[in-house]
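Asks: Spelled out from the first residue to the last, the chains are:
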Amino acid sequence: MNFIELQPAEWQALFLTLKVASAALLVALPLAILVAFVLARFKFPGHGIVNALVHLPLVMPPVVTGYVLLLAFGRNGPIGSFLRETFGISFAFNWTGAALAAGVMAFPLLVRPIRLSFEAVDPKLEEAAKSLGAHRLVAFLTVTLPLTLPGILGGAILGFAKAMGEFGATITFVSNIPGETRTLALALYTATQSPSGDLAAFRLTIVATVVAFAALIASEILARHLRKKLGGDYD
Amino acid sequence: MIDVDITGHVGRMELQAQFSAEGGVTSLFGQSGAGKTSLTNMIAGLVRPKTGRISVNGETLFDADRNINLPVQARRIGHVFQDARLFPHLSVKSNLTYARWAGRRQQGRALTEVVELLGLEHLLERKPGTLSGGEKQRVAIGRALLSDPRLLIMDEPLANLDQGRRNDILPYLDRLCADAGIPILYVSHSIEEVARLSQTLVILSDGKTPAFGPVAEMLARTDLGRATGRHEAGALLEGVVKWEDPEWGLTHVDIGGEIMQIPDLPAEPGEAIRLRIRARDVSLALKPPEGLSIRNTLSGKIQSISRETGPYAEILCAVGDQLIRARITRASVVDLQLAIGKPVTVLIKSVAIDRRQRAPAPKA
Chain A
1 MNFIELQPAE
11 WQALFLTLKV
21 ASAALLVALP
31 LAILVAFVLA
41 RFKFPGHGIV
51 NALVHLPLVM
61 PPVVTGYVLL
71 LAFGRNGPIG
81 SFLRETFGIS
91 FAFNWTGAAL
101 AAGVMAFPLL
111 VRPIRLSFEA
121 VDPKLEEAAK
131 SLGAHRLVAF
141 LTVTLPLTLP
151 GILGGAILGF
161 AKAMGEFGAT
171 ITFVSNIPGE
181 TRTLALALYT
191 ATQSPSGDLA
201 AFRLTIVATV
211 VAFAALIASE
221 ILARHLRKKL
231 GGDYD
Chain B
1 MIDVDITGHV
11 GRMELQAQFS
21 AEGGVTSLFG
31 QSGAGKTSLT
41 NMIAGLVRPK
51 TGRISVNGET
61 LFDADRNINL
71 PVQARRIGHV
81 FQDARLFPHL
91 SVKSNLTYAR
101 WAGRRQQGRA
111 LTEVVELLGL
121 EHLLERKPGT
131 LSGGEKQRVA
141 IGRALLSDPR
151 LLIMDEPLAN
161 LDQGRRNDIL
171 PYLDRLCADA
181 GIPILYVSHS
191 IEEVARLSQT
201 LVILSDGKTP
211 AFGPVAEMLA
221 RTDLGRATGR
231 HEAGALLEGV
241 VKWEDPEWGL
251 THVDIGGEIM
261 QIPDLPAEPG
271 EAIRLRIRAR
281 DVSLALKPPE
291 GLSIRNTLSG
301 KIQSISRETG
311 PYAEILCAVG
321 DQLIRARITR
331 ASVVDLQLAI
341 GKPVTVLIKS
351 VAIDRRQRAP
361 APKA
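Taken in sequence, the protein lines are chains A and B. Numbering of the first sequence is given in the working numbering, commencing with residue 1 and proceeding in unit increments. Numbering of the second sequence is given in the working numbering, commencing with residue 1 and proceeding in unit increments.
Okay, chain B solo, but in the shape it has when bound:
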């Protein structure tokens, strides 16, 4: 449970943020320069807000009116910095246990458990200077987890890593977010990361928080185009694995009545997964087409059509009880005479749903 309602400034950056989120993973999403790091620094206690309140799990960390401002070391917020900030003179093991021996935080998870969770067994005796970027981030995450935090802030932990390193670390993040047991505030400018990891999405734009709410709902909103980034826009689907077709390497996923075929997805039947369907990968047809290579043809109903002046239109289609977002040309909207309430066939290429667009569903 996180409650934030603050104003303040860092340099020339004016910040006015208000959001609340239940447990699980809350993503703070915004473009570079939107004020993400300023906001997390205020929550962590590194920068003092001017007015307002911050509380985590009912405990007040900051309240300008009541003159409460807990110092950083008393807030019990595990902070994973973008640049890792490992202590270069200490071994990985001493870094991991720093909160125990220097911070007097004896409670919380066992070292062996965290080492196993993040795959750090073979790194314990090394010095940070000899680690790769991804390994450094994993150690930084472990170090924060072992400080018995009430909240874990992850400030773009993948931002300084190349795509290869990112793919190495993502499975660890999936596992961590699924069973951290503490609320996580995940900061990112990548809608992909946000979509796969979080339950709640807070949008930050020009130092303000125009919207926050459940992630699927937020991603389906077409009025937040500028803040979420139009090119990468897409909807989130929750599904359950039905069976894996070994002959063709396709996994059949039930998304609430309709079945989708996803390539190259190792998963057990019954497993809950989350798929992100990019709006630009979705096509619409008036009736089920014939002689087409596209394998996912879902029947849906148009729920909204965004009125725009450019060449594009954003269409929201209800498929079962979930929403799919389609991005087509305005010309097609007119040609097909699309209107709210009209039944359509939603077409999605299986190939478009690659590794980065899916993840195990986070536990609520």
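The following block holds chain A by itself, in its conformation from the complex:
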């Protein structure tokens, strides 16, 4: 028997993890760009509270975040029951719930670098764009957003890594169901709890490391390409 060969259940965990993390990123990223832009460009009453709310999942114990999600989005939770009755959507104990937990936990890591790079773009460039006839939204899409791409990429990598490795909130919110919510981290935890799981745990560790390493290399290549494309100089 080949010790290195992944078992079907382990393949399943890997694909599930990629699916959960991708879905989380797909939904959370546009939202994070919006929140980062608002926090970077506008001063309004409650600015500090919004900022604190965004960062809350970063500092709270993940189990607490998972429990809050369970209370809110569970079958009998206020949001959960509303979504089920109106749209027939349920996050409880399925992979979309795992994606929700991963997205919420990754959110602060997405917002932070994106906000920093919005703050680094001179708002006067948008004034110049508008003086050339560009509508506000067009000026944002053609000038500010492209200049923020390195920050968005950085946030996306960080957020994706966080979403892939999420454990505490996921297991609290949607439990540890094989094929549905058992991601790599949960599968690894399960393996360590079994007396004969050492080899499985070893294989999953290798898989997690390879995926993380590949993501980092890819982001580095992309970042270098972007830097060249953006010309670097901001004055």
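These aren't lab readings, by the way, just hints derived from the structure by calculation. Note that the coordinates shown come from a computational prediction; the quantities given were computed from them, not determined experimentally. One should not assume that every hint holds.
Unchecked claim - Pairs of lysine-lysine residues, derived as BS3-like cross-links and limited to a Cα-Cα distance of at most 25 angstroms, are as follows:
id: 1; chain 1: B; residue 1: Lys50; chain 2: A; residue 2: Lys124
id: 2; chain 1: A; residue 1: Lys229; chain 2: B; residue 2: Lys349
id: 3; chain 1: B; residue 1: Lys349; chain 2: B; residue 2: Lys242
Said to hold, decoys possible - Listing some non-contacts, in silico: residues in chain A with all C-beta distances to chain B over 12 angstroms:
id: 4; residue: Leu14
id: 5; residue: Leu18
id: 6; residue: Val63
id: 7; residue: Ala92
id: 8; residue: Ala214
Glycine included, every Cβ here is placed at the ideal spot set by N, Cα and C.
Here the structure of chain A is known, so what remains is to put chain B in place on it, guided by the hints.
Replies: Structure of chain B alone, referenced to chain A:
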């Protein structure tokens, strides 16, 4: 045609501006902190004035009473900022055509024409980060010109450049101002730039516009000393090139009856040029002197003598139908018994009229 009559404030800067100008180049002149950028930002629509009206070529851009306030993107004002503000992620060519593809401004000048006017052919594929300061400004000017503007605002385009770069870009500015075809509002704190480029001068001082009018008339006014800067004060002469003396490298210029000799001025006979004569480079004599190296001796008549308490006096002399401004000591005024109406000989060293004091005359 620009009409501005507004009040408002930016931060602690209170602004109260009123002027109107025909087409051509209108210079907004004032020292640093006089409110030049605040005023242009209001005209461009980046800052909202409190009261008043702004109109360009008869079209109202702002009217507080009628509640009209066109947004920046609808004003069609090409704005060349002091700091260029090129988009760093776009090539020079994409910067130049930005108004076409992002601003939906399809009309106006052809790209090739503007590229040729500003000498940008070899820069098109470059990124702004690799350009020199002067090149950046030229691209910024081109970008604004290609946005089909009804008015071009140039906010101290030369302020951040060293003298060498300035001299590189001035010929382009001369050409642009001579045949832009649209009114230009040129903001500057350099009387040299203002004198060579503009037809109308608006003086801005402490957020107010104490005077505006034709540039030669404004420069001849001795009551605006503080606002125009005393040290750099001077009058503007319009002239026509008669012939070039190749032996001595002197160009003879007819300034309305009198001839002046200007060194090192490449120009064709018949060409209209503009000379700025600094008041401190002008001397006065009671009769034509002999045995003197000064080559320009013009006969004139004293038109006014400023009454001042310091050591200096500002004298305006009529030479033909133009005015020359002289700055001499009060002691000399008394010694020579100068008085209004007295004929004098006006002496100007040819050497004092260097490259920066002259330009092709702008077309009216």
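Asks: Evaluate each hint against the coordinates.
Replies: Evaluation of the provided hints:
no.	hint	in the structure
1	B:Lys50 <-> A:Lys124	holds, 22 angstroms
2	A:Lys229 <-> B:Lys349	violated, 55 angstroms
3	B:Lys349 <-> B:Lys242	holds, 19 angstroms
4	Leu14	holds, 37 angstroms
5	Leu18	holds, 31 angstroms
6	Val63	holds, 43 angstroms
7	Ala92	holds, 45 angstroms
8	Ala214	holds, 28 angstroms
Violated hints amount to a single one, hint 2; each of the other numbered hints is respected by the structure.
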